[in-house]
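Listed in order, the protein sequences are those of chains F and B.
The first sequence begins at 937 in the numbering used here and counts up by one.
The second sequence begins at 20 in the numbering used here and counts up by one.
Hints were generated in silico from the structure; no laboratory data involved.
Some clues are possibly wrong.
[What the hints assert, rightly or not] Here are the computed lysine to aspartate or glutamate pairs in the DMTMM-like style, where the Cα-Cα straight-line distance is at most 25 Å:
#	chain 1	residue 1	chain 2	residue 2
1	B	LYS211	B	ASP112
2	F	LYS964	B	GLU313
3	B	LYS150	F	GLU1147
4	F	LYS1057	F	GLU1147
[As the list claims (entries may be wrong)] To spell it out: a stretch of chain F is covered by chain B in this simulated footprint if at least three of its residues, at any positions, have a beta carbon under 8 Å from a beta carbon of chain B; those stretches are:
#	stretch
5	1027-1035
6	1058-1069
7	1074-1085
8	1101-1115
9	1192-1202
Even for Gly, the Cβ is constructed at its ideal location relative to N, Cα and C.
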Amino acid sequence: MDATTGELILNWKPRAQHSRIGKLFDSKPFLVTLCMLPTAGLLLIFLTYPLGLGLWLSLTDTTIGQPGEYIGLDNFTSLFDDPVFWGAVWYTIFYTAVATAGKFLLGLWLAMLLNHHLPFKAFIRAIVLLPWIVPTVLSSIAWWWIYDPQFSIVSYILVDVLHLRAHYIDFLGSPWSARWSLIVANIWRGIPFVAITLLAGLQTISPSLYEAALLDGATGWQKFRRITVPLLMPILSVALTLSVLFTFSDFQLVYAITRGGPFNSTHLMATLAFQRAIPGSQLGEGAAIAVSMIPFLLIATLVCFFGVGRRKWQQGSDND
Amino acid sequence: MTDTIGVVAEELEEGLAASTKDEPEILSWDSRARRTITIYIPLAIFVIVLLFPFYWMAITSVKPDFEMYDYKQYNPFWVHSPTLANIQKLLFDTEYPRWLMTTMGIATAATFLSVGASVLAAYAIERLRFKGAQHVGLAIYLAYLVPPTILFIPLATLVFQFGLFDSPIALILTYPTFLIPFCTWLLIGYFKSIPYELEECALIDGASRLQILRRITLPLAVPGLISAGIFAFTLSWNEFIYALAFIQSTEKKTVPVAILTELVTGDVYQWGSLMAGSLLGSVPVAIIYSFFVEYYVSSMTGAVKE
């Protein structure tokens, strides 16, 4: 390391700083301001301000092309009596809970499979990530085609190859099958992220712990329960929170496959907000739906902080 | 039945023999048969299920219509007379090439803007160590947790006020809201890994702060810059809701939005060209991904660990 430093420094001669500009750049407050300016500017204008604006819009009756007036909590009280809104809230929670559970169970299993010694491990790991890399909307369109009522390949396998069913399934035609179909597609998309993140966690667990457990006569389940799970917990809790957050606020997958149908049965809060706000042009009402998502997201974020705090406490050092 | 037990027993013995021959990786006395059942078969099912939609996408996009809708005569898993008609139709009868170019331009511009801003911010937070740097870092992390779905309605009104509605600039300026937090956190992690002593040496030798950033910190953070860049590019390429809400005219749409809103017309879906469009739209990110797999994996896991 010393040698490289020496070379680096020999390569150029620092100029004596006569110029005022040079001095200005050495003043720390100026430099900090300069460095933070682009980020702070962009985030304040396009993130913080819209957050506040969204809160304000939810209290107005703004429509597209017409500035609204303050109407208090009318948007929220009308949503309170709206069965479609409550249906969306309910399905959002159900969708998040079931899809996250599925993603983590299958993702953990896949991570543990990938943690073995395998031929072509790097290659398998690379192709397994594909569903996560490809634009969600585009893979969702593929799922839409897989769920086609007449030419579904899944129905073809079940009916014509395995002879398990007599008729083709109308995946997206009735509320419950549409709900489950979306959840399956979401799990499919989420598995790679969970698996690769947890694999990174698994690789940090020292094999000597398992060897010690083996010598003590631990069973496979005991090793999993007492070594793998506790040591995986820190990274698991962060990945879990991020996954919950992004599944809860999902939009693309549902919008691409069902657009909330049939009979509004698969609306998530995000797709309902979009439908009311942009095609329906009721910006105020849409904003109110979006704002109602915030309490749920806050709870998830708090969980994330406890997860991070716990990790630092467990590791003991590196607390700066 | 007895035969299989015999085989299993044989393989068990083999496994035992192998493990006594001092092979560190087969520590738990796995036999080959057991490994096959508990590892290879589940793994193969995972890989098949995870990749099948892409295979289905690819095979559909080269199928002629008469094969696509006739499972009785033609095995749907294979294509008997492949055709480029769907792709040709997509490229010459729609504005697909234009959508590709637009998406490419927007993603590139948003990436450069975000990575540039993030480098400066991460350097200031991690290296200049001003008062309150920790809180600024935390605030940026919190910004990452704000999903676009609760921002797009107020952003739509904002974009309208700025007169940017239906303009690619609206997307270039709004994508950094989710790119900058991610890239900044990634780069803070990279800057942390560069020894502080290098900078102190340069300071003693009389280098200015800018010289240090340009000549020492940035060159050493190149892997981090690449990670942040490709991640930002992929995220912008995949972005959907802002592009759906802020862009109206056909020729300015991005690929994901255009396929869903322009190619899906009427009640009869043109599955051939829809699948071809999805496939072609996925190719650019897949190519970038294949070149930088390791960067992806490290930045993905790194971002979660941070």
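To see whether the hints hold, each was checked on the structure:
1. Note on LYS211 of chain B and ASP112 of chain B: the hinted pairing is violated, with a Cα-Cα distance of about 51 Å set against a maximum of 25 Å.
2. Among the hinted pairs, LYS964 of chain F with GLU313 of chain B is inconsistent with the structure: their alpha-carbon atoms are about 36 Å apart, more than 25 Å.
3. Between LYS150 of chain B and GLU1147 of chain F the CA atoms are separated by roughly 47 Å; this puts the pair beyond 25 Å, and the hint is violated.
4. For the suggested pair LYS1057 of chain F and GLU1147 of chain F, the alpha carbons sit about 23 Å apart, so the restraint of at most 25 Å is met.
5. Three residues within the 8 Å Cβ limit are the bar, and the stretch 1027-1035 of chain F against chain B gives 0, so the coverage statement is violated.
6. Under the rule that three or more residues need a Cβ within less than 8 Å of chain B, the assignment of the stretch 1058-1069 of chain F holds, with 10 such residues.
7. Look at the stretch 1074-1085 of chain F against chain B: 8 of its residues bring a Cβ nearer than 8 Å to a Cβ of that chain, three or more, so the hint holds.
8. Under the rule that three or more residues need a Cβ within less than 8 Å of chain B, the assignment of the stretch 1101-1115 of chain F is violated, with 0 such residues.
9. Check result for the stretch 1192-1202 of chain F against chain B: violated, 1 residues qualifying (beta carbon to beta carbon below 8 Å, three or more required).
Of the hints listed earlier, those the structure fails to meet are numbers 1, 2, 3, 5, 8 and 9, in rising order.
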